[in-house]
Amino acid sequence: MRRRWMAAVAVSVAGLLTLSACGGGDKQEGGGGQAAKKVEVFSWWTGPGEADGLKAMREIFAKQNPNFEFFDAAVAGGSGDQARALLSSKLQANQPPDTFQGHAGAELQGYIKSGKLESLNFLYDELKLKEVFPQQLIDQISVQGQVYSVPVNIHRSNVLWFNPSVLKDAGIDGAPKTIEEFITDLDKVKKAGKIPLSIGSQWTLVHLLESVLLGSLGTDAYNALWTANADWSNANVTKALENFKTILSYAGSPQDDWQPAAKQVADGEAAFNIMGDWAYGYFHNPPEGGLGKESHKDFDWAASPGTDGTFMWLSDSFTLPKGAPNRDGAIAWLKVAASKEGQDAFNPLKGSIPARKDADQSLYKDYLSWDLEQWANDKLAGSIQHGVVANDQWRQAITDAVGLFQQDNDVAKFQQALVAAAKNSGQ
Amino acid sequence: MRRWLPGLLLVSPSIILIAVFVYGLLGWNFKLAMTDKHDEIAEIPGNFVGLENFTGIWSEERWGLSVRHAIVFTLVFVGGALVLGWFLAFLMEKGIRAESGFRAVYLFPMAVSFIATGVVWRWLMNSATGEHAVGLNRLFHYVGLDFLQWQWFRDPDWGMAAMAIPAIWQMSGYIMALFLAGFRGVPEELREAARVDGCSEWGVYRHVVLPMLRPVTLSALIILGHISLKVFDLVVAVSGKQIITDVPATFMWTAVYDSHDPAKGATIASYIVLSVAVFVVPYLIWDARKGKRS
Chain V
1 MRRRWMAAVA VSVAGLLTLS ACGGGDKQEG GGGQAAKKVE VFSWWTGPGE
51 ADGLKAMREI FAKQNPNFEF FDAAVAGGSG DQARALLSSK LQANQPPDTF
101 QGHAGAELQG YIKSGKLESL NFLYDELKLK EVFPQQLIDQ ISVQGQVYSV
151 PVNIHRSNVL WFNPSVLKDA GIDGAPKTIE EFITDLDKVK KAGKIPLSIG
201 SQWTLVHLLE SVLLGSLGTD AYNALWTANA DWSNANVTKA LENFKTILSY
251 AGSPQDDWQP AAKQVADGEA AFNIMGDWAY GYFHNPPEGG LGKESHKDFD
301 WAASPGTDGT FMWLSDSFTL PKGAPNRDGA IAWLKVAASK EGQDAFNPLK
351 GSIPARKDAD QSLYKDYLSW DLEQWANDKL AGSIQHGVVA NDQWRQAITD
401 AVGLFQQDND VAKFQQALVA AAKNSGQ
Chain R
1 MRRWLPGLLL VSPSIILIAV FVYGLLGWNF KLAMTDKHDE IAEIPGNFVG
51 LENFTGIWSE ERWGLSVRHA IVFTLVFVGG ALVLGWFLAF LMEKGIRAES
101 GFRAVYLFPM AVSFIATGVV WRWLMNSATG EHAVGLNRLF HYVGLDFLQW
151 QWFRDPDWGM AAMAIPAIWQ MSGYIMALFL AGFRGVPEEL REAARVDGCS
201 EWGVYRHVVL PMLRPVTLSA LIILGHISLK VFDLVVAVSG KQIITDVPAT
251 FMWTAVYDSH DPAKGATIAS YIVLSVAVFV VPYLIWDARK GKRS
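Chains V and R, in that order, are what the protein sequence lines are.
In terms of my numbering, the first sequence has 157 at position 157, counting the first letter as 1, and numbering is strictly consecutive.
In terms of my numbering, the second sequence has 28 at position 28, counting the first letter as 1, and numbering is strictly consecutive.
Some hints here could point you the wrong way.
Stated by the list, open to error - Each computed DSSO-like pair below joins lysine-lysine, with the alpha-carbon atoms no more than 27 Å apart:
#  : chain 1 : residue 1 : chain 2 : residue 2
1  : V       : K297      : V       : K365
2  : R       : K31       : V       : K113
3  : R       : K37       : V       : K113
4  : V       : K177      : V       : K365
5  : V       : K63       : V       : K38
6  : V       : K37       : V       : K90
7  : V       : K130      : V       : K379
8  : R       : K37       : V       : K90
9  : V       : K340      : V       : K365
10 : V       : K177      : V       : K245
11 : V       : K90       : R       : K31
12 : V       : K263      : V       : K190
13 : V       : K38       : V       : K340
14 : V       : K340      : V       : K177
15 : R       : K37       : R       : K292
16 : V       : K191      : V       : K297
17 : V       : K322      : R       : K37
18 : V       : K423      : R       : K37
Think of the hints as simulated: they come from the structure by calculation, not from any bench.
Excised from the complex, chain R in its bound form (with noise of 0.2 Å):
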């Protein structure tokens, strides 16, 4: 009796699974994409076109503006919960009082689903200002900072960079839960050793914990980078599906089910899911190796 079988066969299941409705799923989302079925209801097949509706969603200037969205919408958000949950963890590090506490209270935001945080936030941001506002721009007038009140998620430019505050708000606990077992896998011995050689406190971080902490960092860079990329919920609880806080979700939503164009739909779902690969694919190609090494 071989002994790897009654294993395959206790996974079989699972492996099936996500065969058919991860992978078989996926295929034919492709398969969808390089077709010209731009009307949901009727039944025609939809011919073969290759790549065109690929390379035909560039020229609609929606597009390139959800495109643009998403990634100011990721580079402030995976920045902002990185820095703050290194910062957090950083702090955490030295050993403060009720620590436990405090990581509780950090975590806890992550308990909350997007929905309910961007429903929140939606108030808090709202864009009224002047002695309309409410929510954080009321907040800054009390305290005389009304220079401070701006649009939020409204603003043309940088609106999408106001819809990562709740995101960064969610998420950087989390970040800082794995800095912080990050922080505490650097041996003890090594810090001092390079106390003795004379570093100074900020040089042990510099040159001996920071480096250790990269794989960790990785790590959070995927985790924030994959749920920035098809970042959906929060921005529908947020402002709707609206053109101004546009991201290729919510473009992809309407083109199904708002004007009925599957082809369409499954092309940005394509591009989603092709550009969620490029930040997971490397990351299992360095895993195995490191893997193969050890």
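Next comes chain V alone, as it looks inside the complex (with noise of 0.2 Å):
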């Protein structure tokens, strides 16, 4: 009896025990005068070339900051979706990073207004960013006359990927300039016996819709779309929407991403895609991270069809979140992040063009020459689908609506429930 007792007691106290280990920790960090003081970097750049590009920013980092120690918080997983749900828990729980990578726009407009980031005017002011970066941005990305992210790099949305030869095949002598000339084309394609337009999976196709919203309304039309007397509901969005229609139904089955779609037309089995420019690299680079094409001979661009003259931006950028534990080390990120040399260095590896205009043109080759130049001269037009133009409730709420559409091609009910979506956005 005495020693089943003994025991009893020995288990349950070690159970109790283990409870409170749990709650215990943490308690270590953020000590120690004379070590490096850490600066907790949060992004979701680990696939090949952006994890390059960030290494080489981390290296100019080191070598100006000798006080700080880089530490590298970056958790996998393509546009972010994984490190934006650890994102919110660390910052609802008041912990955040030191800074964290957010797309710049109204995607960080929840953690603006609920006041958990800084304003970067005072840096912005410091560095004269406001001359480096062209107006239309910060415009852009300016919420009440504030700044809360420093863009590190630009990705175009609206490009029209094409395979030349299957063009050729088909009779088809250039990529369409208009809509209704790529809806012409996209039949003779389909005359030709070959994939029209290969598509991925659902949010592939909220990227084609903003091309097509885009190239459909014209640039002002489009960016008024998100202002705050928006009309969703006029005749001119319902023609865009039809013409979304029309050139779905030409699309070819849904591959599981963006890269087999972009692949088919490598391959020569589809003539267009349209995706954003981190496209380029996937055809480009050699066999291990790409398909090692040829451009202009085996693949080639355009703007997307109705958009020439305007620039469908979307952009990484860096905040400095409010009661970050080392504020002085964030700031000396952000300020290599706003660099020329920051941004220099990153943007060659990961396939994008530095935000800022006075970039060291010679860098940027074959199609990265061609975006640098149409972002200089270029309108700007903000991407939904990568979090420019509309924050994150009404962006799930277009996707949701892109997603029931596909399965009953309604397009009044989509139109409505894109009135709806803009409607209860809160934004």
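Grab the two chains, each in its own frame, and use the hints to assemble them into the complex.
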């Protein structure tokens, strides 16, 4: 009897100890005056290219800031789904990293509204960043005159990728300039027996939608959709959605993601694909990370139909969360991210262009030099899918509407859903 | 010294843990579902709104769709795994050679996670047809059964039935093991008696063995049912978070992490718990009664 008692007590005490052990911990961080202070940089750059770019920036940071130690808190997963889920729980618990990556623009609005981010106007003034970033970019990422993030790079969303030989076989002599031409060309390809347009999973359709909206409505009307008195119910939007429906009717069967869809174009199975300019690296890079294709010969690009002269942009940026444990370290990182040196080290590796206007043009070759030229001269419009114009709630509502439309093809219902999405976004 | 005290002390850590981390959080979830906290990041507590979220969600098209998908998936998966598992056990029960080898082979898929299963079946169930076909569609093409090619999980009406195929593949071996134990639990004397009374071999199964398998079938039904209603990993591994294969659990994920709407996520979670409870609670009651009787 006695022995059984002892055993029971021992086991339950051990159990309780384990319980309380879970509550402790996390006390050691931040201590130590002599060792270099850690700067926790939270990103989702873990893939080939982007991780190399981050490393290059990190080396510059280490050289300029010997008293800080860079701590890479990257969370794997393309487009940052997992990273953002983890981040929001960290911010909710008021345990922010020192600085985190976010798409510049409306995606950060939730954080801004609830006061989780510090305004970076002081840094913009100190570094005179308003002079080196395009004015339109500053306008599109400002919230009531305040800027909350430092854009490191720029990607272009409205790019039409195509296979020149498939186009030739179908009797098309160049990339279509307007949506109407595009539809005619899609039909020609279909008659020639190839897949006219390759598509991937659901999000690639949202990506397609933003290009079709921009191409059908024009830049000013598109940009107006994201302002306070936007009208999503008018006849022009209906027309744009009808176009979207017609274009989708030429799409091949949906692939798993954007890469297999792009590969159909590279392999000559499909003629067109609309995807952001990260597709260039996939087409062009040597076979370990890409398809090793030759530009202008195996694949080619143009502005997506009807959007020539407008650059639909998205951008990765870094922020300064309120209550960052190492605020000075975070500011030092933001300075590297904003600098010409930092951006020129990062972007050629990542396959994007710098947000700064004074970049070293000789570093950007082939597609990127075209991209850089367009960036300098085009009007700007923001991407939906990649967090520029719509906050998360709005974007998710649009994504849902596209997913449902994919099933029933009902334009009127689709438009109603988009009207409701704009109304309920709280933006 | 009381006799039950040491025992109670021994289980108390687990009772405390379960009380806090299962039932406490369950209660917290229901409470959250009854508030208007539709913003994850802002530090607002959320006001009590009663069952507004629970009724409001039915007007959302996506919710109706995901419920429909869950029902189709559950019917096909539970039905398929039960029938296939029973059939495999039926074959084994006849005492074939190398039975243990077969048993191991059929049980193996159980050891694979739904994620791994999903990744493989995503490729097998590629929706491309004709000359671009890969996976199973390609196989059909090779053997000249092109008419069998279809969109698999991308089919708008029956896509979720295709989604159930990997789940059936994974779980039917386990169901087989359950049924096999059930078959073996039927005393040989009873079968003999039936045969002596002039029962055909099929009649023995129909009237003697099957009725005795009822408890096993019920357990299998509950195990499969609760897996099916909260399925998430398999769906995400096969198709990601696409509306075409939306189920309540994936909807919950997007509600919480993509639209930042905790109250809606909690509402969906509550519905999932309730639907699983519909399966489990009657079983627990039945089990408790049976325990009392014996």
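Structure-based check of all given hints:
1. With a C-alpha separation of about 16 Å, the suggested pairing of K297 of chain V with K365 of chain V holds against the 27 Å cut-off.
2. Proposed proximity of K31 of chain R and K113 of chain V is supported: the alpha carbons are some 25 Å apart, at most 27 Å.
3. Distance check on the hinted pair: K37 of chain R and K113 of chain V sit about 15 Å apart at the alpha-carbon level, within 27 Å; holds.
4. Using a Cα cut-off of 27 Å, the hinted pair K177 of chain V and K365 of chain V holds, with the two alpha carbons roughly 24 Å apart.
5. With a C-alpha separation of about 15 Å, the suggested pairing of K63 of chain V with K38 of chain V holds against the 27 Å cut-off.
6. Restraint check for K37 of chain V and K90 of chain V: the C-alpha separation of about 20 Å stays at or below 27 Å, so the hint holds.
7. Among the hinted pairs, K130 of chain V with K379 of chain V is consistent with the structure: their alpha-carbon atoms are about 17 Å apart, no more than 27 Å.
8. Between the alpha carbons of K37 of chain R and K90 of chain V the distance comes to roughly 18 Å, so the proposed pair stays at or under 27 Å and holds.
9. For the hint linking K340 of chain V to K365 of chain V, the alpha-carbon distance of about 17 Å falls within 27 Å, and the restraint holds.
10. Proposed proximity of K177 of chain V and K245 of chain V is supported: the alpha carbons are some 19 Å apart, at most 27 Å.
11. Restraint check for K90 of chain V and K31 of chain R: satisfied, since their Cα atoms lie roughly 22 Å apart, inside the 27 Å limit.
12. The suggested pairing of K263 of chain V with K190 of chain V holds, with an alpha-carbon distance near 18 Å, which does not exceed 27 Å.
13. For a cut-off of 27 Å, the pair hint linking K38 of chain V to K340 of chain V stands: about 24 Å separates their Cα positions.
14. The suggested pairing of K340 of chain V with K177 of chain V is violated, with an alpha-carbon distance near 35 Å, which exceeds 27 Å.
15. With a C-alpha separation of about 45 Å, the suggested pairing of K37 of chain R with K292 of chain R is violated against the 27 Å cut-off.
16. Proximity of K191 of chain V to K297 of chain V is assessed by CA-CA distance (about 23 Å); at most 27 Å being required, the pair is judged to hold.
17. Annotation: proposed proximity of K322 of chain V to K37 of chain R holds, straight-line Cα distance about 23 Å (limit 27 Å).
18. Distance restraint check for K423 of chain V and K37 of chain R: the Cα-Cα separation of roughly 18 Å lies within the 27 Å cut-off, and the hinted pair is therefore satisfied.
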